[in-house]
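**Student:** Chain by chain, the residues run as shown.
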Amino acid sequence: MRCRYTGMETMWSLVSLLVFVLALEAQALTPSHYLVASDVDRLQAVLSQPFTDLKSAYFSVVGLSKLGVSVADSNDACSFIKANVDSSSIEALFYAAEASQAISSCEIHVSNETRDSLHAAVSEDSTVSQIHQAVSALSSLGLPLASQEVVSALKARISKEDNVVAITLALQTASRLSQQAELGEILEEIEDLAARLDDLGGVYLQFEEGLEATALFVSAAYALSDHVDMEPPLKEDQVIQLVNSIFSKKSWDSLSEAFSVASAAAALSNNRFHKPVVVSAVGPATVSHSHPLLQLHVTDVLCQPLSSANVLVESATSVASKAAILSQTPFTLRDGIFELNFMASKPASGYYQFSVAVTGDSRLVANHVELKVKVSTKVAINNMDLSVVDKDQSIGTKTTRVEYPNKGKASFIADSHQNFAMTFQLVDETTGVELTPHQTFVRLHNQKTGQEVVFVAEPDSKNLYKFELDTAERKTEFDSISGTYALYLMVGDATLENPVLWNVADVVLKFPDEEAPSTVQSKNLYVPKPEIQHLFREPEKRPPTVLSNTFTALVLSPFLLLLILWFKLGANISNFSFSPSSVLFHVGHAAMLGLMYVYWTHLNMFQTLKYLAIIGSLTFLAGNRMLAQKAVKRYSLHHL
Amino acid sequence: MSLSVIAVISRFLEEYRSSTSNKLKVIDAYLLYILLTGAFQFLYCLLVGTFPFNSFLSGFISSVGSFILAVCLRIQINPQNKGDFLSVSPERAFADFLFAHTVLHLVVVNFIG
Numbered sequence: 001m002r003c004r005y006t007g008m009e010t011m012w013s014l015v016s017l018l019v020f021v022l023a024l025e026a027q028a029l030t031p032s033h034y035l036v037a038s039d040v041d042r043l044q045a046v047l048s049q050p051f052t053d054l055k056s057a058y059f060s061v062v063g064l065s066k067l068g069v070s071v072a073d074s075n076d077a078c079s080f081i082k083a084n085v086d087s088s089s090i091e092a093l094f095y096a097a098e099a100s101q102a103i104s105s106c107e108i109h110v111s112n113e114t115r116d117s118l119h120a121a122v123s124e125d126s127t128v129s130q131i132h133q134a135v136s137a138l139s140s141l142g143l144p145l146a147s148q149e150v151v152s153a154l155k156a157r158i159s160k161e162d163n164v165v166a167i168t169l170a171l172q173t174a175s176r177l178s179q180q181a182e183l184g185e186i187l188e189e190i191e192d193l194a195a196r197l198d199d200l201g202g203v204y205l206q207f208e209e210g211l212e213a214t215a216l217f218v219s220a221a222y223a224l225s226d227h228v229d230m231e232p233p234l235k236e237d238q239v240i241q242l243v244n245s246i247f248s249k250k251s252w253d254s255l256s257e258a259f260s261v262a263s264a265a266a267a268l269s270n271n272r273f274h275k276p277v278v279v280s281a282v283g284p285a286t287v288s289h290s291h292p293l294l295q296l297h298v299t300d301v302l303c304q305p306l307s308s309a310n311v312l313v314e315s316a317t318s319v320a321s322k323a324a325i326l327s328q329t330p331f332t333l334r335d336g337i338f339e340l341n342f343m344a345s346k347p348a349s350g351y352y353q354f355s356v357a358v359t360g361d362s363r364l365v366a367n368h369v370e371l372k373v374k375v376s377t378k379v380a381i382n383n384m385d386l387s388v389v390d391k392d393q394s395i396g397t398k399t400t401r402v403e404y405p406n407k408g409k410a411s412f413i414a415d416s417h418q419n420f421a422m423t424f425q426l427v428d429e430t431t432g433v434e435l436t437p438h439q440t441f442v443r444l445h446n447q448k449t450g451q452e453v454v455f456v457a458e459p460d461s462k463n464l465y466k467f468e469l470d471t472a473e474r475k476t477e478f479d480s481i482s483g484t485y486a487l488y489l490m491v492g493d494a495t496l497e498n499p500v501l502w503n504v505a506d507v508v509l510k511f512p513d514e515e516a517p518s519t520v521q522s523k524n525l526y527v528p529k530p531e532i533q534h535l536f537r538e539p540e541k542r543p544p545t546v547l548s549n550t551f552t553a554l555v556l557s558p559f560l561l562l563l564i565l566w567f568k569l570g571a572n573i574s575n576f577s578f579s580p581s582s583v584l585f586h587v588g589h590a591a592m593l594g595l596m597y598v599y600w601t602h603l604n605m606f607q608t609l610k611y612l613a614i615i616g617s618l619t620f621l622a623g624n625r626m627l628a629q630k631a632v633k634r635y636s637l638h639h640l
Numbered sequence: 001m002s003l004s005v006i007a008v009i010s011r012f013l014e015e016y017r018s019s020t021s022n023k024l025k026v027i028d029a030y031l032l033y034i035l036l037t038g039a040f041q042f043l044y045c046l047l048v049g050t051f052p053f054n055s056f057l058s059g060f061i062s063s064v065g066s067f068i069l070a071v072c073l074r075i076q077i078n079p080q081n082k083g084d085f086l087s088v089s090p091e092r093a094f095a096d097f098l099f100a101h102t103v104l105h106l107v108v109v110n111f112i113g
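Protein sequences appear in the order of chains A and B.
All residue numbers for the first sequence refer to full-length UniProt numbering, where the first residue is 1 and numbers rise by one.
All residue numbers for the second sequence refer to full-length UniProt numbering, where the first residue is 1 and numbers rise by one.
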């Protein structure tokens, strides 16, 4: 049968594909790293350290003001600044001016020469850092500023100093200038810098220069964007990734690092365009009858609650049954915490997927959060019936009911002809709904021998738990040890508040073919094992020396026979010519035989071959000569 | 029956004594020596056992190899076979004999352990 796609089917498949793609895109990023209240306190403590010099005073005073806190003793701070300012240094003037501005009623007076030196610092020949310090000082001191000159100087310096820190300072400087100045080109630098950020795993977005550079960039970018009232070119996911990077470090190495984090936090919690939201549960996200309220912290990055926001549960669905329990239900705000009474909707125990939306401000970023909430309950054991059933079922079953947490009064006796059976029901204590927890075990513990055997109780289709023990069949698990066993029921689950260990009754089991009961030896794996003695390879058995010597003599004896035969045949060396080649030949040949012996006793193949080559070539040449002479002699003899 | 065997053998020995040259008899004596040496080694192996096997093998192969090389020498030197070995003079045969022995003994001594 061939299927033919009709027009309708094609359209539906396209629509479903589109919906699928949109659903993926809707999965926005939420902050995984953020400052909690203790972190903010720690940051404040770091910035509240006593000043060592003007620079540290600047970091502390201005940093604390960004956190919305004023410095401990403002008069003291003001006098410290005034005492330490050095009018000849642009940097010192910058620190003093900025710090004094953060302290109320602290004014620094500068002479005309100082003002002129500050103006002179604004030129193409100074570094961006110097221009930034001069402009900030002039602005904080309330002195007039030539914005257009600053802009042109900055543009010239940016093209020469093309690094992240310099451009960030340029952005920061531009935010102090008049709004009438042409800041468009400097504004574009935000986008260029954002492109230089490194994306780490889709979670973090930071400069390779580090945390401080990233944090200062964020505060400068938002300062400038707010100043010109144009939204910074950062996508929502990028903003959250920046939040993750900047707030992943909870203790700071230096005052300048702490200052940069405080700056960034202030910028992200209070700018005109983007406000990242941090939603987290108070404690574990669990509700139960005793704690029916789901409580959430909904804050900005500085851990301040968003009191004006509306927090709504868009949907709450059960993970197991996918049924929707809640839809469009609001949270109520109480003491800075958003609460919802989830138990009022009478959810069954288990896990629920919550989709929470925070609305009320168009600047909010990452305001749709997914949360997993657990509903716990207490379990009750009903209708616990114990019985001993005869296998051939000739005698009727006798069922005993035991109530939790009591123990059955009489022991149950089961031998090999009988089965021991147990049935019970597990229900939710409050609602009476049947439960099937993950762990329902039946444990039999022999008090005398310490042996224990654990079985699993299974529910049937009506959620009634049954456990049957066939004494004869299961005797191997028990090692056929008869005796009194304490029967325990163990019930446990992640969603149960009251896991159960209940000694239900005692069961006397009688096994057939019992050996003398031996106490079970707990298998101790960690005692030293018996030592293995290494057996060295036995040398082969050798024949007795006498035998070997006899045979050596026997094997050598034919040589004597040879000599005798040769003598009898009349072989002689009378024809030996004492020519040098023949002498050399015989010497060389003897040397070769000697080399064979030395090879056997001392040398290896390579050395032997080396010597053999030398001796052999000599012998060959000599022998060749000798044999040629012999041949000539024979030839002349024959052809006479 | 046995009479004819003895007759054949004695006839053979007689022929041998008269017709073979002295040179060849020298080589034949050498061959007998090698044969006996090899036989005695084999006898030891049968009686006592093959330990150490490599030594036995190298000794036995040395005997066998030497026997074969001596037989080759005898064949090449025999003037009756001159027609088969026109390019090989007796001196050349002897030189070949020595060279082959050098190689054989190199291997034997390597293996003897």
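Worth flagging that the hints you see were computed from the coordinates, not collected in a lab.
Note that CB positions come from ideal geometry on N, CA and C, so glycine has one too.
Errors might be hidden in some of the hints.
[As the list claims (entries may be wrong)] Have a look at the derived ranges for each label pair, beta carbon to beta carbon: (1) B:L35 <-> A:M605: 38 to 44 Å; (2) B:D84 <-> A:L618: 54 to 60 Å; (3) A:A628 <-> B:P52: 40 to 46 Å; (4) B:L43 <-> A:R537: 52 to 58 Å; (5) B:L43 <-> A:M605: 41 to 47 Å.
[Stated by the list, open to error] DSS-like cross-link-like pairs, simulated, lysine-lysine; straight-line CA separation at most 30 Å: (6) A:K462 <-> A:K322; (7) A:K55 <-> B:K23; (8) A:K633 <-> A:K610; (9) B:K25 <-> A:K374; (10) A:K346 <-> A:K374; (11) B:K82 <-> A:K155; (12) B:K23 <-> A:K374; (13) B:K23 <-> A:K568; (14) B:K25 <-> A:K448; (15) A:K346 <-> A:K409; (16) A:K398 <-> A:K346; (17) A:K630 <-> B:K82; (18) A:K633 <-> B:K82; (19) A:K462 <-> A:K374; (20) A:K391 <-> A:K346; (21) A:K55 <-> A:K250; (22) B:K25 <-> A:K610.
[Stated by the list, open to error] Reference listing, derived: stretches of chain A covered by chain B, where coverage requires no fewer than 3 residues with Cβ under 8 Å from a Cβ of chain B: (23) 90-99; (24) 294-306; (25) 370-382.
**Student:** Give a verdict on every hint.
**Tutor:** Against the structure, the hints:
{"no.": "1", "hint": "B:L35 <-> A:M605: 38 to 44 Å", "in the structure": "violated (30 Å)"}
{"no.": "2", "hint": "B:D84 <-> A:L618: 54 to 60 Å", "in the structure": "violated (33 Å)"}
{"no.": "3", "hint": "A:A628 <-> B:P52: 40 to 46 Å", "in the structure": "holds (44 Å)"}
{"no.": "4", "hint": "B:L43 <-> A:R537: 52 to 58 Å", "in the structure": "violated (30 Å)"}
{"no.": "5", "hint": "B:L43 <-> A:M605: 41 to 47 Å", "in the structure": "violated (31 Å)"}
{"no.": "6", "hint": "A:K462 <-> A:K322", "in the structure": "holds (22 Å)"}
{"no.": "7", "hint": "A:K55 <-> B:K23", "in the structure": "violated (118 Å)"}
{"no.": "8", "hint": "A:K633 <-> A:K610", "in the structure": "violated (35 Å)"}
{"no.": "9", "hint": "B:K25 <-> A:K374", "in the structure": "violated (112 Å)"}
{"no.": "10", "hint": "A:K346 <-> A:K374", "in the structure": "holds (13 Å)"}
{"no.": "11", "hint": "B:K82 <-> A:K155", "in the structure": "violated (111 Å)"}
{"no.": "12", "hint": "B:K23 <-> A:K374", "in the structure": "violated (113 Å)"}
{"no.": "13", "hint": "B:K23 <-> A:K568", "in the structure": "holds (13 Å)"}
{"no.": "14", "hint": "B:K25 <-> A:K448", "in the structure": "violated (100 Å)"}
{"no.": "15", "hint": "A:K346 <-> A:K409", "in the structure": "violated (38 Å)"}
{"no.": "16", "hint": "A:K398 <-> A:K346", "in the structure": "violated (39 Å)"}
{"no.": "17", "hint": "A:K630 <-> B:K82", "in the structure": "holds (18 Å)"}
{"no.": "18", "hint": "A:K633 <-> B:K82", "in the structure": "holds (18 Å)"}
{"no.": "19", "hint": "A:K462 <-> A:K374", "in the structure": "holds (25 Å)"}
{"no.": "20", "hint": "A:K391 <-> A:K346", "in the structure": "violated (45 Å)"}
{"no.": "21", "hint": "A:K55 <-> A:K250", "in the structure": "holds (23 Å)"}
{"no.": "22", "hint": "B:K25 <-> A:K610", "in the structure": "violated (37 Å)"}
{"no.": "23", "hint": "90-99", "in the structure": "violated (count 0)"}
{"no.": "24", "hint": "294-306", "in the structure": "violated (count 0)"}
{"no.": "25", "hint": "370-382", "in the structure": "violated (count 0)"}
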